[in-house]
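A.B. asks: Letter by letter, the chains look like this.
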Amino acid sequence: MVITPQLIILVIYFILIIFLGILAMKKVKGSEDLLVAGRSLGLMYVSVSIAAEYMGGLGTIGTAEVAFNQGMGVIWYHIASSCGLMLFGFAFAHYYRKYNVITVPEYLYYLYDVKSWKAASILNVIGYWFFTIIQMTALGSLIASVTGFDLRWSVLICGVAMTVYLLAAGMWSVAFTSVAFMLTIGSGIPLAFWWVMKHEVPLLTNSGGVGGFAGLANALSGIGLNPDHLMSPFSLGFMVILGYFLGGVLGIPAAQATINYSFGARNWKIARLAPVLAAILILPLSIWTGSMGLYARAAELTTNPKLALGITLMNINPIIGGIGIAGIFAALISTVAGILFACASIMAKDVWQRWLHPEKDDKYLALWTRLWILIIGISSAFGAMTLPKILQQAYFVYSIRSALMICVAFGLWWKAAHPDAAFWSMIITLIGGTMYQFNIPINFESIFHLHIAEWCGLLSLIVFVIVSLFSKWTSQTASELPPMILKR
Amino acid sequence: MYTFLVPEFLKLDLIVWGILIIIFILFTYYIYKLPANSIDNCQAKAIETKRKLGIKIYKM
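Chains as they are written, first to last, in this note's numbering: chain A, 1 to 488; chain B, 1 to 60.
Honestly, the hints are just simulated from the structure, not real lab data. One or more of the hints may lead you astray.
[Stated by the list, open to error] List of simulated lysine-lysine pairs, DSSO-like, C-alpha gap at most 27 Å:
(1) A:K118 - A:K363
(2) A:K98 - A:K360
(3) B:K45 - B:K33
(4) A:K269 - B:K45
(5) A:K472 - B:K56
(6) A:K415 - B:K52
(7) A:K115 - B:K52
[Unchecked claim] Which stretches of chain B does chain A cover? Using the computed rule of at least three CB atoms under 8 Å from a CB of chain A, they are:
(8) 9-20
(9) 39-53
Heads up, the beta-carbon is just placed ideally off N, CA and C, and yes, glycines get one too.
Given these sequences and hints, build the entire structure.
C.D. replies: If you want it as structure tokens, here you go:
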């Protein structure tokens, strides 16, 4: 292993983050402090936590990869995500807040019935568990590329560190560290972008000694590419942009990992405002990461688009590159923490306490919230080390959140929205999604040309509307909670 | 040969960013004008249907 400035910066940053997470420990007295930070978070904590969680591997390394291949049309990814966050703030946050929910499945109980709540709980836990494994793999890959460590050990170290810091104070840990994450993302990545544009682009052979986007355009032109197309906001085509919008709009308003910080807001006004502020915070990210992806293409640093951002940062001034890598690291780590925490919240609160042990008290829940963070964190780290790649495809279960969004939206605004429709739309979306992802019995994608999230959204919409129209509401329609909860 | 270039994607992104900031300012003004109890007026249709049918909604 070679000790580089990038590695030193990363190690210091890693220790600082874990220290901040543990520092939040004194804030925790009961389960509500762990799960929703005692519902006392202000506008800054909620908005930066939402933004930091949302800016993960897809928003950084993924956008640089798309820009490397297809140009700066990738800016629509964050524009669409911002629209999803704004939609949540405008139209959803206060409904969740009115019932003081801790998890999204819990809200499905209020809207529908017990079976919808249980189905949503199980699907969320499975989906987020797999997604934690995927994101831990991405985080471990970044560490491995910077440190030269073995990938499996990098994944394990990151997984254990994440688990330890979440064990300390749950949502408080995430809120505390999110401020540091946001500062790192918001300073490290634009600083690296500025350095690349000002100092690295003029050094390219074909740039004509000019910096900025003009130099980048010259360099792209010099290697036979069309800079006008690559720098057009429409370089990806209409269908991809539509896919981004469907992903943002269907993906965010019922995504526990992104919106649970809004549940921890001090009041409903902050719960509504914070996602709108988060939308502003995430918007410019693809300008910075996408431009560095294009630079990697112009400089011919790699032929592998997935490495575009990492290789750019490893090839510039080591201090600036190190700070930039810390920014990417912050984006990845905040997403892993958010997803792991969301998974553990639903597992501990909905499945473990309310469903399986409804008679137990708050102390028991606090203990088991921590135990589930431990179980999910460590098992995900080992899963990321050992799972074969084919199993990683199971992350499509995460696309089920579009079915959740359909259930929540119809429950809010359609009086005929029926509990059976909510249940069956989730179940059929899961079955239909599995068939689509694994080509059972035929390759649906070659016929429909839809992203898995779009397919799941469409399927749940159709099932929900049809079942609602053919089901009648009666006073017996919605089943109630188990007897142990009714007594309490 | 380009010597000065502000690409279209940058203009578009900055315009969208400006719009978002204006929306946030207006939304903040709107939210803080609302009375604190206005959240009570938010009625989800599915919950209202349950209420009309006499199905009690228990606090979880």
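A.B. asks: Now look at each hint and say whether the structure bears it out.
C.D. replies: Against the structure, the hints come out as follows:
With a C-alpha separation of about 23 Å, the suggested pair K118 (chain A) and K363 (chain A) falls inside the 27 Å cut-off, and the hint holds. In summary, the hint linking K98 (chain A) to K360 (chain A) is supported, as the alpha carbons are separated by about 25 Å, within the 27 Å threshold. With a C-alpha separation of about 25 Å, the suggested pair K45 (chain B) and K33 (chain B) falls inside the 27 Å cut-off, and the hint holds. Distance check on the hinted pair: K269 (chain A) and K45 (chain B) sit about 22 Å apart at the alpha-carbon level, within 27 Å; holds.
Distance hint between K472 (chain A) and K56 (chain B) is fulfilled; the C-alpha atoms sit about 18 Å from each other, no more than 27 Å. Between K415 (chain A) and K52 (chain B) the alpha-carbon distance is near 11 Å, which keeps this suggested pair within the 27 Å criterion. Pair hint K115 (chain A) plus K52 (chain B) holds up; C-alpha atoms about 21 Å apart against a cutoff of 27 Å. With 7 residues bearing a CB less than 8 Å from a CB of chain A, the stretch 9-20 of chain B meets the requirement of three and the coverage assertion stands.
Here the stretch 39-53 of chain B counts 11 residues with a CB under 8 Å from a CB of chain A, which clears the bar of 3, and the coverage holds.
In summary, this structure violates none of the numbered hints.
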